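Participant: Sequence order for the protein chains is A and B. Position in the first sequence (from 1) plus 2 gives the number in my numbering. Position in the second sequence (from 1) plus 5 gives the number in my numbering.
Just so you know, not all the hints are guaranteed correct.
Unchecked claim - Residues from chain B that face chain A, not an exhaustive set, calculated with beta carbons under 8 Å:
| no. | residue |
| --- | --- |
| 1 | Thr-60 |
| 2 | Tyr-127 |
| 3 | Ile-131 |
| 4 | Ala-144 |
| 5 | Asp-146 |
| 6 | Thr-231 |
| 7 | Leu-244 |
| 8 | Ala-393 |
| 9 | Ile-394 |
| 10 | Val-398 |
| 11 | Asp-404 |
| 12 | Leu-502 |
| 13 | Asp-522 |
Calculated directly from the structure, the hints in this document are not laboratory data. These figures come from a predicted structure and were not determined experimentally. A virtual CB, placed ideally from N, CA and C, is assigned to each residue, including glycine.
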Amino acid sequence: MNVKNTIILIIINVIFFGHLSLAQEVNIYSHRQPFLINPFLEEFTKQTGIKANVVYSTKGLAQRLKAEGQNSPADVILTVDIGRLYIYEDHKLLLPINSKILNENIPSHLKSPKSTWFALSKRSRVIVTSKERVDTSKINRIEDLAEPEWKGRICSRPGSHVYNRALMASIIAANGEESAEKWAKSFVKNLARRPQGNDRAQVKAIFEGQCDIAIINNYYFGKLKYSEDPQQQEWAKTVNLIFPNQGNDDRGAHINISGGGVAIHSKNKDNAIKLLEFLSGEVSQNLYGKINFEYPVNPKIKPSAELVGWGIPKEDQIPIIKIAELGPLAQKIIDRVGW
Amino acid sequence: MVDSSLTIKKYTWASFDAWTLIPLLLSVILFGPVICLFITASGNSDGLWYHLYETVLLKYIANTLLLMIGVSVTVLILGVGSAWLVSRYEFSGRKLFDWLLMLPAACPAYLVAYAYTDFFEYAGPIQKLLRTIIGWQNAQDYWFPEIRSLGGAIFVMSCVLYPYVYVLARTSFLKSPASFYEVAKLYNKNTFFSVGLPLARPAIIAGLALVCMEVVSDFGTVEFFTVETLTLGIFNVWLGMNNLVAASQIAIVAFIFVIALLFIEIKSRASRKFSDNSQRQINEHKIHLSKFKSFISALFCLIPVFFGFILPVLLLLLHSLKTSYHQDWIKLFRVVIDTLMIAGIGAISIIVISSLTAIIAFYKGRNLLNKITDIASTGYAFPGTMLAIGILVFVGFIDKFYSLSSGVFGYQYSGFLSGTIMILILAYVVRFQAVGYGSIRSGITQIPQNLADASYMMGKPFHETMSKIVLPLLKTSIIAGGLLAFVDIMKELPMTLLLRPFNFETLATYTYQFAHDELIEQASLPALLIIIAGLIPVIFMNKYLREIKF
Chain A
3 MNVKNTIILI IINVIFFGHL SLAQEVNIYS HRQPFLINPF LEEFTKQTGI
53 KANVVYSTKG LAQRLKAEGQ NSPADVILTV DIGRLYIYED HKLLLPINSK
103 ILNENIPSHL KSPKSTWFAL SKRSRVIVTS KERVDTSKIN RIEDLAEPEW
153 KGRICSRPGS HVYNRALMAS IIAANGEESA EKWAKSFVKN LARRPQGNDR
203 AQVKAIFEGQ CDIAIINNYY FGKLKYSEDP QQQEWAKTVN LIFPNQGNDD
253 RGAHINISGG GVAIHSKNKD NAIKLLEFLS GEVSQNLYGK INFEYPVNPK
303 IKPSAELVGW GIPKEDQIPI IKIAELGPLA QKIIDRVGW
Chain B
6 MVDSSLTIKK YTWASFDAWT LIPLLLSVIL FGPVICLFIT ASGNSDGLWY
56 HLYETVLLKY IANTLLLMIG VSVTVLILGV GSAWLVSRYE FSGRKLFDWL
106 LMLPAACPAY LVAYAYTDFF EYAGPIQKLL RTIIGWQNAQ DYWFPEIRSL
156 GGAIFVMSCV LYPYVYVLAR TSFLKSPASF YEVAKLYNKN TFFSVGLPLA
206 RPAIIAGLAL VCMEVVSDFG TVEFFTVETL TLGIFNVWLG MNNLVAASQI
256 AIVAFIFVIA LLFIEIKSRA SRKFSDNSQR QINEHKIHLS KFKSFISALF
306 CLIPVFFGFI LPVLLLLLHS LKTSYHQDWI KLFRVVIDTL MIAGIGAISI
356 IVISSLTAII AFYKGRNLLN KITDIASTGY AFPGTMLAIG ILVFVGFIDK
406 FYSLSSGVFG YQYSGFLSGT IMILILAYVV RFQAVGYGSI RSGITQIPQN
456 LADASYMMGK PFHETMSKIV LPLLKTSIIA GGLLAFVDIM KELPMTLLLR
506 PFNFETLATY TYQFAHDELI EQASLPALLI IIAGLIPVIF MNKYLREIKF
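Put together the whole structure using the sequences plus the hints.
Facilitator: See the structure below:
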């Protein structure tokens, strides 16, 4: 065989079988950005010698997994938002896992009743208000944002974003569909501008005086506070953080999760379980707080000092799966009120 | 002047033989993923349409139409206007504008949208400056067009999409025979409306069809600006309501929009075919303009270049310099290499396939074959992520079929296409086939039919005529189509994101992980690299188009 043929064979091999390898590895489909999960994976590889390969996409990975069927190279799914985890389970794309470590590390209301998916971190949906222009004593509950007093003063991300949809679902769960829709209608009337931008952009709008109140995920506050961009640090300084629904008889702040599961046709099942166990363990649970200002799910791990500094909220204890089940109804209400 | 090539063709090679199987087979592969989407859409959508009709559907359709109309009108004015100016007139800076005008093609709309939001929004430097100078206190004191709006989306998309029309129109203007203009002048007719525009019409409409498809399928820009088009609606229904069936049904509504457009294009092309016997060119004789007119022309050409290229690049450059973010240069270098490689392979595949389908369908086929190949290049009309799902389903079928056979040979089979770069290449070909095909199709219509006829009379076989006469004449169109496809692939985001193999990044996906989190500064450097890498083919194309002797 001459050199040319050898080279052609090598190229063909790389093109067609590029993902095949003999080393110990675990293949991840991730809805979380690589720059967020890489520190975890590097630590995992260091501890176990297992190489982690990642495909990151915000959308469609469940469909990819489904279409690939038995041929799928995926072992682990990592994602944010309970709605997405639920879709994987709904399409029967996740393998039920019986792991003593996972069962010990993750409380039962934060995992699938079928043991297919597991929460790995928690984040809270919080209210931020302008320090200068809003009296914080007037806002205690998420429901308060529907008061006519705030007309033209609230900024929001589009309602159909997963975080707002999940929040909407939690309001339906607490108050019923009718009441939730009434709330959403009044809330939309209070908006200062067309819903736009991500959570970061809402704080920026408060800083610039375009509006006074916004709803964000708690970790955005930390990301801004410790941003490498001094300007973004200024944005964080101009707002107060309010955990809603903290009253004695109240339900607590809405909580969403990031989580993961093992792909149904995983070829490296043991490594996949090892990775999930690692992510629920001490090192990772601390990292979630340190890197991304998220709350640990593992009850043995305390939230990071920074998070404790903001106050630890009382959490809405509704089983997280309920939020996923109400998602489609929440989207319908969002469509109807034009959020 | 207007020949009756349709009747002549009957006496040439038009026949059903092995050659015609090639475009047919390729069309099946190209259209397979689309058919898979139709199959998905035929499922039960749980009565969601009533809810959609009651609430959001009309809004989605109206916004999509307004966006398409707005962008089309703007793109026609900018693209055709500037192409006519640089190919017919001599004015200050003409040679520079001649290639500057192509540069915005290298800028992805969604990146320009990110940069412009930061610049033009209430919190941005422009409005801040206005507030300081004029003394406005808050948003209620004054009116300023909101960048995150339908108008903003029309503005951003037009600025970066007009080169599709510009490039094709310019090529066509340059190729138009001088004799036609001379005759028009003799009769004292306006050369633009009586010669230039009618001759370039197939090319312009081909370019416009591409622009419209790009508009219908855009997700990044409309998501960022929250303009609720059909595409944005697809995602709300799919991910928000966990209803892929209803989502594919909306995708098909959007698809019908584009088929309608394409139908118009085919109709208009069929009614007009031009060929010229004298191959004299006009590009040597440009008309000199007065100083004032020269200034106005330069200004007209500057506007799209400024907003489509200079300003966004400047903004990204400023952001990249400002950031103290530690850049992983080795990683970035690898990403650049991977991007160029995949875009190169993709573009070559596209021009080979679109040359084969377009040429064989035109010279060998009858109307039916032409229509089939036209329809096969409509993958462009689907939002990237939806098409990616069609491709996944399609490849799933192929893999399943293949793994059945692998059992016979007794080796462990783990996906022939799934998770390899082959699936990405397939996706690019399905999606961007229209870019190569459109360019080559409009090139074919400008080849004098009598050249091929003469070759036929002399008893030359089909393949010899094609390789010796037709292909050399199509060189510019093939290169233009290939380079547009190259740039398009490099910028492509949603399909690459979803279909790529493990640990594989292109500049677009690398940028996206930051841009998605509105970390504009971290996203700026890789974004700039997308644009710079996109410049290489643009400059090359420009140089090449000049050297060619027609």
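Participant: Quick check: which numbered hints come out false for this structure?
Facilitator: Going through the list in order, the structure violates hints 3, 5 and respects the others.
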